[in-house]
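Since each chain sits alone in its own frame, please combine them into the complex, following the hints.
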Amino acid sequence: MRSVWTLAAMAALSVLTASTITLAGEPKQGGVLRMYHRDSPANASILEGATYSVNVPFMGVFNNLVIYDQHIAQNSPDTLRPELAESWSWGNDNKKLTFKLRQGVKWHDGKPFTSADVKCTFDLLMGKSQQKLRQNPRKAWYSEVNDITTSGDFEVSFDLKRPQPSLLAMLASGYTPIYPCHVSPADMRTHPIGTGPFKFVEFKANESIKLTRNPDYWKKGLPHLDGIEYTIITNRSTAILAFVAGKFDMTFPTHITIPLLKDIKSQAPNATCVVEPTNVSTNIIVNSSSPPFDNIDIRRAMAMALDRKAFVDILFEGQADIGGTMLPPPQGIWGMPKDKLETIAGYGPNVNANREEAKKLMQKAGYGPDKHLAVKVSTRNIAEYRDPAVILIDQLKSIYIDGELDVVETANWFPKVARKDYMLGLNLTGNSVDDPDQSFYENYSCGSERNYTNYCNKEIEKLFDAQSQETDIAKRKPQVWEIDKKLQEDVARPIIFHARAGTCWQPYVKGVTIMSNSSYNGFRYEDVWLDK
Amino acid sequence: MLAYLVRRLFLMLVTLFGISIVIFLLLRIVPGNIVDILFAAAGYVDPADKANLEKELGLDQPLVMQYWHWISGFLRGDFGYSYVSEKPALQEILPRIPITARLAGLALLFSASIGIPLGVISAVKQGTRLDYALRVVSLSGLSLPSFWLGLLILTASVAMFGQMPIFNPNPQTWLEAFATYAVPAAAVGFRSAALTMRITRSSMLEVLRQDYIRTARAKGASDAAVNYRHALKNAILPVITVIGIEAAFLIGGLIVTETVFNIPGVARFLVEAIRWRDYPIVQNLVMLIAVVVVSANFIVDMLYAVFDPRIRYTD
Chain A
1 MRSVWTLAAM AALSVLTAST ITLAGEPKQG GVLRMYHRDS PANASILEGA
51 TYSVNVPFMG VFNNLVIYDQ HIAQNSPDTL RPELAESWSW GNDNKKLTFK
101 LRQGVKWHDG KPFTSADVKC TFDLLMGKSQ QKLRQNPRKA WYSEVNDITT
151 SGDFEVSFDL KRPQPSLLAM LASGYTPIYP CHVSPADMRT HPIGTGPFKF
201 VEFKANESIK LTRNPDYWKK GLPHLDGIEY TIITNRSTAI LAFVAGKFDM
251 TFPTHITIPL LKDIKSQAPN ATCVVEPTNV STNIIVNSSS PPFDNIDIRR
301 AMAMALDRKA FVDILFEGQA DIGGTMLPPP QGIWGMPKDK LETIAGYGPN
351 VNANREEAKK LMQKAGYGPD KHLAVKVSTR NIAEYRDPAV ILIDQLKSIY
401 IDGELDVVET ANWFPKVARK DYMLGLNLTG NSVDDPDQSF YENYSCGSER
451 NYTNYCNKEI EKLFDAQSQE TDIAKRKPQV WEIDKKLQED VARPIIFHAR
501 AGTCWQPYVK GVTIMSNSSY NGFRYEDVWL DK
Chain B
1 MLAYLVRRLF LMLVTLFGIS IVIFLLLRIV PGNIVDILFA AAGYVDPADK
51 ANLEKELGLD QPLVMQYWHW ISGFLRGDFG YSYVSEKPAL QEILPRIPIT
101 ARLAGLALLF SASIGIPLGV ISAVKQGTRL DYALRVVSLS GLSLPSFWLG
151 LLILTASVAM FGQMPIFNPN PQTWLEAFAT YAVPAAAVGF RSAALTMRIT
201 RSSMLEVLRQ DYIRTARAKG ASDAAVNYRH ALKNAILPVI TVIGIEAAFL
251 IGGLIVTETV FNIPGVARFL VEAIRWRDYP IVQNLVMLIA VVVVSANFIV
301 DMLYAVFDPR IRYTD
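Residue numbers (this note's numbering), protein chains in the order written: chain A, 1 to 532; chain B, 1 to 315.
Pulled out of the complex, with its shape left as it was, chain B reads as follows (with noise of 0.2 Å):
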């Protein structure tokens, strides 16, 4: 195990190195860089100063110099300064983690929440009227844009209510609070509360079908403990990488529901970031992004062997 836990660290180690060259190189070979979009925005180009600011923001030295620069700076801790705002990226790039930390994980819990629970009942009520509402549901949940039920969600609350909820940065009261987070987490969680339903449901419909469930059923075990502790530890292997996949997916409907409803996070700085061609900015946060997904996927393997005791990582 612990070799094992060695191996995965040193191929973590390898795989960002890899992500960082892609994301290094991927945005050069993005047309344009910052300066060209700021003289773009200012509608003419005086080719000296177009120079000079090149050479004050380090843009007219070898890519090679430039990794460098970057990747020693970021395994130092120094992410450099911000091309646009002039101020230091970690300064700009901290404050906004914790948002989106908190949507993502609201996000998350509203899925396995709301997922996991519909898809045992799903499975376990198959053929029922009540099977195909939720399969409805979750239909409908893969089908709707996190945008788009974004926008509903606002329209009708100024519609019903005239109110609006729009990010506050220090909520007062728990409904406050509430709107901030909770509601965005859900437009963005629910299209991966339908795929934890789908999977869950799938799954569980497998494990229920398994010679050891009818022997439980046999042995006089109740419906709630074939379900739960036999059915559901058995089919929920699959429902965790799901939910790990999810959790590296998100970040994508982050982006959208951050810029509906307003929210200061990381998703949405991310974006602006890349239309500004703000390198310290873009390679820093892609690379935090990275070492999360990545660092997820490994905590997601530790899982298996948690919760199935089968599961045992040997060389």
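For reference, chain A alone in the conformation it holds in the complex (with noise of 0.2 Å):
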């Protein structure tokens, strides 16, 4: 008798457990999310930015055509999802992508939103519109699209010279919100006006950003928040200090670094932290048209000479990633398998054995014990360059090279790059989809403007655009793979190793998900609640 009350209390005790746990996850209406801005952005106007200082804070403010799932880390084919489009269809001959629009969205000046306004952001990023936007860094992007048509209010087609079907992945990336036709780029900057979550309020440069509930949102019942503010706090000291004591609900994303991460641990033991690949490599710009980098053999002993687990312990604690061009697995979709990527010469682990043929190289070229070789360094007076820079010139001391690190201020570094003013740079390269023809066409393609070692191969071009046109993604992995392959053995443009970074919030905020190959495409923050 006394076991069946005691059962009977525990089945009474788990119902009860039961719907608190569903009681606690149950959403919660209303709050202020309050953050910490690393550094104050040029403006608001994401089609002009190129940093995710930009996209973060303004993401919220727009909708895309589709989007990468918000509560999925890995942003890839299969977490696509409609957003302004309600569905999307290709052609027979996977030359023209049709979306369906939703109706009945408004944007936050009450103007309703149309086939038009696609038409028209598209335009834009194409050079094709009247009105110009200042800078275009992803125009690239479209070289493949020949024109926007519409039909009707609610639908929209993109005509493509050839089938592309990461164009998706790129329409789908944090970097492409829908632009209103009704308002200018000059406006879009200071003011903008979207169809997301939450409407602008003001950017008071240095100072904060202040996001509200937008009450119209076509998504019924979202968002929870009942704003976003970002205090700009320049000093990450600061800033950390200020989230420790709760005057922030969480960090600027992947703001903290791994050694930092210990010390907000030990201050705020309750606070969620998450620590994920950036999908940032940190890499070297070899200037190979002129001596001594003209000499592949010098290239190849300067890529062979590198002892990545090094960087990784030194910079990261060992939290960071060895990979090519592509961020490695598992978080990377597109990265080459370990045992592929060791058989690319220096990505071998042992390090005495690549240096000794490093060595021999060197000597073929004239170079050794004797003799060695003056390079100059060059890298931006960021830390997040110059500790890596410091490193390498330690290790080019193995095989004959004396490295002088070369300091330039970021408004330099840019023009000296393209001049060709360096030997070699030590430089980070963000990308903003994990897709090849992001990273390969923006990076190494033949005349790309961010292509700046000037590498041209028309072999690799070739196998640019196969991998391109692949549909299947079965297939089309492996072609990357031999993509990204030859272009570490050409010393196209040598990847050390790919940062990882965290983000940590307090534990009453709900539904936040870093995304594991991107730093760029999470930020919408609709689902986001304070469980307080």
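Keep in mind that a hint or two might mislead.
Where chain B lies over chain A, by a calculated footprint (3+ residues, C-beta under 8 Å) [unchecked claim]: (1) 176-190; (2) 410-416.
The list that follows gives simulated cross-link-like pairs (lysine to aspartate or glutamate, EDC-like), each with its CA atoms no further than 20 Å apart [to be verified]: (3) 340/A x 321/A; (4) 87/B x 39/A; (5) 50/B x 449/A; (6) 132/A x 176/B; (7) 416/A x 301/B; (8) 100/A x 155/A; (9) 125/B x 36/B; (10) 28/A x 216/A; (11) 420/A x 46/B; (12) 219/A x 69/A; (13) 210/A x 56/B; (14) 132/A x 86/B; (15) 233/B x 176/B; (16) 416/A x 46/B; (17) 247/A x 226/A; (18) 139/A x 46/B; (19) 111/A x 155/A; (20) 204/A x 272/B; (21) 204/A x 86/B; (22) 87/B x 202/A; (23) 132/A x 46/B; (24) 100/A x 123/A; (25) 420/A x 36/B; (26) 485/A x 321/A; (27) 475/A x 490/A; (28) 87/B x 147/A; (29) 161/A x 147/A; (30) 132/A x 36/B; (31) 55/B x 187/A; (32) 139/A x 36/B; (33) 128/A x 46/B; (34) 139/A x 153/A; (35) 132/A x 301/B; (36) 210/A x 39/A; (37) 477/A x 489/A; (38) 28/A x 461/A; (39) 376/A x 297/A; (40) 486/A x 202/A.
FYI, nobody ran anything at the bench for these hints, they're computed from the structure.
Built from N, CA and C at the ideal position, the CB exists for glycine as well.
Written as structure tokens, this is what we have:
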């Protein structure tokens, strides 16, 4: 009898617990999410931006045609979701992508959203519009698009020169919001109007960015938050202390370095912190148009002298990834498997053996213990650049290369690289979408504006196009791996490591997902809520 | 005195004109303009887009024309538009001035109210333990960078009280107002207080050895009367000079203090504007600071005459 009562009590308790869990998991409406922002963005226009300092705070103002599922950390073709487009379909020849658009959506100023806005946005991006963007860093994404055509107010088609399945991935990026036709690009820089869950309130340079709930958001019941407020704090120590003291609900995404993460966990043990790859690679740019790096042997020797694990251990306490151009698995969709990676010269685990090979190449080029090669290693005057450059110089010593650090202010860095006024450069490359089309065409294609080293290989160009047209992911992956391997062997832009970084939030902040293969696509925040 | 005033005012104008040319040229000598920086941030450059933007911002014009547009605008009170925010520069600068002015004023007040009395005490008690202790304090004030002291204060307040004195634009309570302004003002003013203390002490020591002080004591004047009425009044001149100079130097300390305490004042804003090469903001703001500093020097010179009747400016 006693056991029956015990069972009954346990059953009642479990029902109570279950209902409590359900209640705790039920999103609550209201509250303002307080975050700090790491710096003051130049303006509020995502289409003109090339840093997530712009798209983190303003992504919530907008919608895309499609978007990556905001609650799945890994962006992949399987996680694409409709947003302003209700559905999409490819034409039979895979050269026409048609979107059926959502009806009844309104811009924040009350005007209706139609297919004309989609056409306006992409005409602007493709440089076909009367109005011009001041900067258009992602124009190359649409190089395969012939034209955008509308059919009525709620259907729009992208006519392509050739099949390009990755177009959907680029449309899902946080960098691809739909802009309204009736607001000028200049006004979008100072007072953006979108269709998204949050309306722009104000942006005070070096001070704050404020968004408020869009009460007419087309997704009923969303967003949960009344608003989001970013306080701009450029001093990282101050920002982290303020988070620890409870002034902020969340840190700026991926702003916490691995060593700092320990400090936060010790001072705010209840905080939830995640460490994810940022899809930013630290790499070496080589000026192969003039001596000594016009000699492929010296370039290869340098690439073979790298001890990538040492970089990762010193800078990230082991928490970073080694890979090629594409972000390595498991977070990266397209990165080479480890066994393939290790077949590339310089990636093998025996660093000493690699360096012996490198020394032979240096001797072949006329250098040795009695004749060292003096080089300048140029880099930006930012810790993320300077620190690995110092380690690089130290490692190059092992193969008769004496490096000298050449620190360049940000304003000078790009003009210096563009006019080829450097020998070696330590560079960071952020990828806004984990897709080979974005990375290959942007960074390695002949004539691309972001191909800093002017690497140009017509054979590889053909391979770029071949993988780009492949609709079957299983067939596309080996093609991508082969290209990635060739890029490393050509020492086009040797990749040293792929960084990881941390993000923390207070335990009452719910519904946050930090993307694991992109730092640019996960800030819609319409599902985020505060459990307090 | 009037002729001197007129001459000083004329010299002020010449100095400010010279400063305007130096500011303008220095900004152009610094490599890269905002167009370079915007495109560097985007990681690409399209020469046509770059040329368009330079034309839009007037950066394609000859330097003489650019200078003329700026200085004539400044004299008319037209500060132009910020290249970064695209808002009127004056609208960006003006709300930040009272914040920094409050901070600087409080820091100077802190400097004078702490530095002068402690300097006097240190001089009067020369060679005692108190004197040594105060000298250690003043030496540490000169040695500690204000950003370090600021971070120390922030870390201690978080560690001890779980609170963070971060800038509050609308303080509701006295405590909030105190945390907003007084703590950072103390952090930046500590160095000035230390300097003021040392100058007051040495100046007082010099005066205390004068014959008229001995005479005053011989006549039976009290210690307080001797120290404050006779000695301090005569020792204060170099202290005033130092406080005047410190007012000019304070802007340097405020840059880091505003950064550490995240105060949206003009000092931090200026650094950000320089980073972006936002010429309309930098030029006008530095000119405003120059006007303040030159005026402060002028006022200090005039105060000399007030405090020391022996000084009368004549031709």
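Hint check:
{"no.": "1", "hint": "176-190", "verdict": "holds (count 3)"}
{"no.": "2", "hint": "410-416", "verdict": "holds (count 6)"}
{"no.": "3", "hint": "340/A x 321/A", "verdict": "holds (15 Å)"}
{"no.": "4", "hint": "87/B x 39/A", "verdict": "holds (19 Å)"}
{"no.": "5", "hint": "50/B x 449/A", "verdict": "holds (13 Å)"}
{"no.": "6", "hint": "132/A x 176/B", "verdict": "violated (47 Å)"}
{"no.": "7", "hint": "416/A x 301/B", "verdict": "violated (49 Å)"}
{"no.": "8", "hint": "100/A x 155/A", "verdict": "holds (5 Å)"}
{"no.": "9", "hint": "125/B x 36/B", "verdict": "violated (60 Å)"}
{"no.": "10", "hint": "28/A x 216/A", "verdict": "holds (18 Å)"}
{"no.": "11", "hint": "420/A x 46/B", "verdict": "holds (16 Å)"}
{"no.": "12", "hint": "219/A x 69/A", "verdict": "holds (15 Å)"}
{"no.": "13", "hint": "210/A x 56/B", "verdict": "violated (29 Å)"}
{"no.": "14", "hint": "132/A x 86/B", "verdict": "holds (16 Å)"}
{"no.": "15", "hint": "233/B x 176/B", "verdict": "violated (37 Å)"}
{"no.": "16", "hint": "416/A x 46/B", "verdict": "holds (15 Å)"}
{"no.": "17", "hint": "247/A x 226/A", "verdict": "holds (17 Å)"}
{"no.": "18", "hint": "139/A x 46/B", "verdict": "holds (11 Å)"}
{"no.": "19", "hint": "111/A x 155/A", "verdict": "holds (18 Å)"}
{"no.": "20", "hint": "204/A x 272/B", "verdict": "holds (13 Å)"}
{"no.": "21", "hint": "204/A x 86/B", "verdict": "holds (12 Å)"}
{"no.": "22", "hint": "87/B x 202/A", "verdict": "holds (12 Å)"}
{"no.": "23", "hint": "132/A x 46/B", "verdict": "holds (13 Å)"}
{"no.": "24", "hint": "100/A x 123/A", "verdict": "holds (19 Å)"}
{"no.": "25", "hint": "420/A x 36/B", "verdict": "holds (16 Å)"}
{"no.": "26", "hint": "485/A x 321/A", "verdict": "holds (17 Å)"}
{"no.": "27", "hint": "475/A x 490/A", "verdict": "violated (24 Å)"}
{"no.": "28", "hint": "87/B x 147/A", "verdict": "violated (36 Å)"}
{"no.": "29", "hint": "161/A x 147/A", "verdict": "holds (9 Å)"}
{"no.": "30", "hint": "132/A x 36/B", "verdict": "holds (18 Å)"}
{"no.": "31", "hint": "55/B x 187/A", "verdict": "holds (19 Å)"}
{"no.": "32", "hint": "139/A x 36/B", "verdict": "holds (19 Å)"}
{"no.": "33", "hint": "128/A x 46/B", "verdict": "holds (16 Å)"}
{"no.": "34", "hint": "139/A x 153/A", "verdict": "violated (25 Å)"}
{"no.": "35", "hint": "132/A x 301/B", "verdict": "violated (55 Å)"}
{"no.": "36", "hint": "210/A x 39/A", "verdict": "holds (15 Å)"}
{"no.": "37", "hint": "477/A x 489/A", "verdict": "holds (18 Å)"}
{"no.": "38", "hint": "28/A x 461/A", "verdict": "violated (51 Å)"}
{"no.": "39", "hint": "376/A x 297/A", "verdict": "holds (18 Å)"}
{"no.": "40", "hint": "486/A x 202/A", "verdict": "violated (48 Å)"}
Of the numbered hints listed earlier, those contradicted by the structure are 6, 7, 9, 13, 15, 27, 28, 34, 35, 38 and 40.
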